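*Asks:* Just need the whole structure built from these sequences, with the hints factored in.
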Amino acid sequence: MTQPTDIRRDDERPLLLDLFSCAGGAAMGYARAGFAVRGCDIAHRPNYPFAYHRGDALAYLAHLIATGEIERFAFVHASPPCQDKCSLTVGTNRSQGWGGNHVDLVAPTRALLDETGLPYVIEQPNGRAEIRKDLTLCGEMFRLGVIRHRNFELGGWTTRQPVHVPHRGRVRGYRHGRFYDGPYVAAYGNGGGKPTVPELQTALGIDWTDVREELTEAIPPAYSEHIGRAYLATRTTVGVAA
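For the sequence shown, this note's numbering assigns the number 36 to the initial residue and increments by one for each residue that follows.
In short, the hints are calculated from the structure, not lab data. These numbers were taken from a predicted model, which means no experiment stands behind them. All residues carry an ideal CB built from backbone N, CA and C; glycine is no exception. It is possible that part of the hints are untrue.
Stated by the list, open to error - Restricting the straight-line Cα-Cα distance to at most 20 Å, the calculated cross-link-like pairs of lysine to aspartate or glutamate (DMTMM-like) are: (1) K229 / D216; (2) K168 / D139; (3) K229 / D242; (4) K229 / E175; (5) K168 / E188; (6) K229 / D245.
What the hints assert, rightly or not - Derived CB-CB ranges, DEER-like: (7) T193 / D216: 36 to 42 Å; (8) G228 / E252: 31 to 37 Å; (9) D149 / H202: 33 to 39 Å; (10) K168 / R203: 22 to 28 Å; (11) T194 / D149: 52 to 58 Å.
*Replies:* Below you can see the structure in the form of structure tokens.
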């Protein structure tokens, strides 16, 4: 399941903290890049492929900072909830009066991450989440079966933005009662020509969970593998320069 990494043994791998970890899409990519990963999510995540702490992510991060345990980690990835400003909430849902009250944990997450002094990534979908879009990734950059644009704010380090590759066609599914075919599946919701669970797994590159809700929330591992390798390359460059 897990592809070979550049760093073979866990005791040689830098330790990464994966906050708001869900089912581990981001975690798997970082592991493939060469990290040992520890997650944290408030929900029960039996499909998470690595060790994780069940609890409030911000409370856990604050605890790690207060106790000094955060010093065990080399890098932090965070995907805080920000449903109040995601595209679906501010668009269709709000116009139709759907949905309820949503939280925005981006700012408090950033404040604690800055307190750690560690390099980090904050991930968000397209929308109005107040993050810097230092990096934007798309499934077509990795020849995936989803488009799934995701934005990343990089704290304490930088990397170049890859060229956005033109999409090969449409996202498969119904639009206003008409069915459109295409090379991508819609990795959200259920119905309206949405993909089956096996199709979602193939499109995202995820095979360790078959829970639709986890798949529709997941970051494709290819994204975080790209980010992880980019960060580790900066460490190597600094080490050589030193």
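*Asks:* Each hint: holds or not?
*Replies:* Results for each hint:
Annotation: proposed proximity of K229 to D216 holds, straight-line Cα distance about 11 Å (limit 20 Å). Taking the CA atoms of K168 and D139, the gap is about 17 Å. The hint holds against a cut of 20 Å. Distance hint between K229 and D242 is fulfilled; the C-alpha atoms sit about 18 Å from each other, no more than 20 Å. Restraint check: the Cα-Cα separation between K229 and E175 comes to about 19 Å, which is no more than 20 Å; the hinted pair holds.
With a C-alpha separation of about 6 Å, the suggested pair K168 and E188 falls inside the 20 Å cut-off, and the hint holds. The straight-line distance between the Cα atoms of K229 and D245 is roughly 15 Å, inside the 20 Å bound, and the hint therefore holds. Here the CB-CB span from T193 to D216 is close to 39 Å, well matched to the stated 36 to 42 Å. Here the CB-CB span from G228 to E252 is close to 20 Å, at odds with the stated 31 to 37 Å.
A hinted range of 33 to 39 Å holds for the C-beta pair D149 and H202, which are about 35 Å apart. The supplied range of 22 to 28 Å is met by K168 and R203, whose beta-carbon atoms lie about 23 Å from each other. Separation of T194 from D149 is about 19 Å and departs from the stated range, judged on CB atoms against 52 to 58 Å.
In terms of the numbered hints stated before, the structure departs from hints 8 and 11, listed from lowest to highest.
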